[in-house]
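Undergrad: Please work from the sequences and hints to get the whole structure.
Take 1 as the starting number for the sequence shown in full-length UniProt numbering and just add one per residue.
There are no misleading hints in this set.
Lysine to aspartate or glutamate pairs mimicking DMTMM-like chemistry, simulated, CA-CA at most 25 Å apart: (1) Lys147 - Glu137; (2) Lys279 - Glu93; (3) Lys279 - Glu74; (4) Lys70 - Glu5.
If you anchor each label on the Cβ, the simulated ranges turn out as follows: (5) Leu115 - Ala226: 26 to 34 Å; (6) Arg24 - Asp183: 45 to 53 Å; (7) Asp289 - Thr32: 38 to 46 Å; (8) Asp260 - Gln71: 51 to 59 Å; (9) Leu219 - Ala68: 53 to 61 Å; (10) Asp2 - Leu219: 55 to 63 Å; (11) Ala46 - Thr160: 45 to 53 Å; (12) Gly247 - Ala175: 21 to 29 Å.
Rather than coming from a laboratory, the hints here were simulated on the basis of the structure.
Note that this is a predicted model, so its numbers are computed, not measured.
Beta carbons are placed, not taken as given, at the ideal position from N, Cα and C, and that holds for glycine.
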Amino acid sequence: MDRLEAMSILVAAAESGSFSAASRKLHMPLPTVSRKVAELEAHLNARLLVRSTRKLTLTDAGAAYLAACKQILEQVSEAESAAAGEYSTPRGELVVTAPVVFGRLHMLPIVSDFLAAFPEITVRLVLADRNLHLLDEHIDVALRIGKLPDSSMVAIEVGTVGRVVCASPHYLSQAGEPKTPADLARFSCIVSDALPSAFLWNFASARGPQQTVQVYARLSVNTVEAAIDAAVAGVGLTNVLSYQAAGAVSEGKLKRVLRDFEPEPVPVPVSVMHAGQGKLPLKTRSFIDFTVPRLRAALARDKDILRSQDPARGKRKRASPGR
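TA: Here's what the structure looks like:
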């Protein structure tokens with residue numbers, strides 16, 4: 001019996017909650033997964049998992065053994081990385097994840113420059129709007145937007161993003177500009193139905209309490225990119241994250257409105273995360289050192305663009321309250 005393989009299968013089964021999920025994750029036949037765990041239990045003369053029709057549950061012995069397995073497998077992985085030179089030379093595959101639009105706009109250009117600077121490193125960039133588990137998905141570096149839960153991961157804040165309401169200059173010249181959130185009731189709006197409460201827009205102001213406005217959606221789409229494209233085309237106003245609109249604003253295709261009323265949620269942190277256990281391979285440390293200052297500069301540029309009254313001509317307007 002290959003005990004390291006059996007340990008890996010046990011970890012996958014325990015973390016995924018079923019043999020079938022572990023089978024899919026490991027690209028291994030289901031009978032093989034079940035047999036390997038049974039062989040491991042026979043070798044240890046101990047029951048590790050309680051099987052039911054709905055899920056797998058660890059026994060007390062199984063929970064203790066699982067923790068030891070994870071530590072052993074991590075040490076083996078580190079030993080292999082050291083033998084391959086990953087702690088002395090930046091080389092090997094690096095797995096990075098980020099939200100889809102942020103990844104396309106900000107991470108992909110940085111990754112392209114990084115690959116040019118480090119020819120012995122390859123990158124697998126996984127763009128997904130769900131938070132992938134770093135250890136379970138074997139991810140080296142993750143870009144997260146929002147408040148982070150307490151964990152053993154290491155997080156480096158690189159900036160913040162907020163929400164902005166914007167529309168095309170042509171639409172605003174025809175329909176006028178809303179002066180307060182209540183004015184939105186008479187404007188056409190574009191919403192992303194991928195978001196909860198897409199038709200309710202919340203605003204905060206230094207001069208008063210939070211306001212919630214139900215908007216009239218002329219168009220509902222399922223991606224942010226489509227919402228921005230529709231706003232550029234003159235369909236109406238849209239409410240998107242600051243980094244998502246900055247490019248179109250800088251080109252004069254969109255104009256920000258309701259500047260004195262900050263759409264909620266208020267600016268949230270953007271962080272670069274990596275596993276906090278063990279020594280970092282040089283490929284990971286090199287990527288973090290390369291990426292963090294560039295992301296900080298990119299988010300600062302976005303903020304400058306959105307604070308500008310007319311970015312295309314370089315005019316400036318004072319920052320909105322609370323900024």
